[in-house]
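Make a model of the complete structure from these sequences and hints.
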Amino acid sequence: GAGVSQSPSNKVTEKGKDVELRCDPISGHTALYWYRQSLGQGLEFLIYFQGNSAPDKSGLPSDRFSAERTGGSVSTLTIQRTQQEDSAVYLCASSPAVGDGEIPISYNEQFFGPGTRLTVL
Amino acid sequence: RKEVEQDPGPFNVPEGATVAFNCTYSNSASQSFFWYRQDCRKEPKLLMSVYSSGNEDGRFTAQLNRASQYISLLIRDSKLSDSATYLCVVRLEAGNNRKLIWGLGTSLAVNP
Numbered sequence: 005g006a007g008v009s010q011s012p013s014n015k016v017t018e019k020g021k022d023v024e025l026r027c028d029p030i031s032g033h034t035a036l037y038w039y040r041q042s043l044g045q046g047l048e049f050l051i052y053f054q055g056n057s058a059p060d061k062s063g064l065p066s067d068r069f070s071a072e073r074t075g076g077s078v079s080t081l082t083i084q085r086t087q088q089e090d091s092a093v094y095l096c097a098s099s100p101a102v103g104d105g106e107i108p109i110s111y112n113e114q115f116f117g118p119g120t121r122l123t124v125l
Numbered sequence: 414r415k416e417v418e419q420d421p422g423p424f425n426v427p428e429g430a431t432v433a434f435n436c437t438y439s440n441s442a443s444q445s446f447f448w449y450r451q452d453c454r455k456e457p458k459l460l461m462s463v464y465s466s467g468n469e470d471g472r473f474t475a476q477l478n479r480a481s482q483y484i485s486l487l488i489r490d491s492k493l494s495d496s497a498t499y500l501c502v503v504r505l506e507a508g509n510n511r512k513l514i515w516g517l518g519t520s521l522a523v524n525p
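Residue numbers (our numbering), protein chains in the order written: chain A, 5 to 125; chain B, 414 to 525.
Keep in mind the hints are simulated off the structure, nothing from the lab.
Be careful, since some hints might not be right.
The calculated DSS-like cross-link candidates involving lysine-lysine, where the alpha carbons are at most 27 Å apart (straight line), are [to be verified]:
1) Lys61(A) / Lys512(B)
2) Lys61(A) / Lys492(B)
3) Lys512(B) / Lys455(B)
Spelled out as structure tokens, the structure:
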């Protein structure tokens, strides 16, 4: 079946430009996560959505970063006035449900997209 | 102190060796625990969830010690294909907010 897809796969932009990254989660997955990973570094949590709402925006590094999700499906991550330090791989993941005591732990599995490699010159 | 800490390694082991990774977490309210693996320049993929009673999947065994706040991953009879970075993940719950905290990963290289 179709997995998580992200577009573009690669994006090169100039400092100061805005970029928009897109994530198509697995159909029916209610939870959606954005991460970024710099070369040789761990995953940095950015934001997650449960449906269309974002209970946790604590990971967004600055107000230049924003994300939205519409229709409980596609999500876009927007970075305004990009800086060189924004260069990283931006990963999106989805899961069937965030999970609670009645949902099997396996429902917490996150399925990752291939990422968007952003380079800010 | 980081919320989830792992020894970054790298662990270099010969084929067939047994290797163990530990991961410590700081928040005692942590609810669920996972090991993911990430191959070079690839996205992370779930390796296994970690259950309170411990669980085994083939050559892989995961253990949870809530009192000491650590989880472990044991790999027996290492294969070349096990070479990857192993990420420890902890899920916290606070009201309606469920947050996943990722460790930076432990790098494993299995050598012929």
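Right, here's what the structure says about each hint:
no.: 1; hint: Lys61(A) / Lys512(B); in the structure: holds (10 Å)
no.: 2; hint: Lys61(A) / Lys492(B); in the structure: violated (40 Å)
no.: 3; hint: Lys512(B) / Lys455(B); in the structure: holds (23 Å)
In terms of the numbered hints stated before, the structure departs from hint 2 and from no other.
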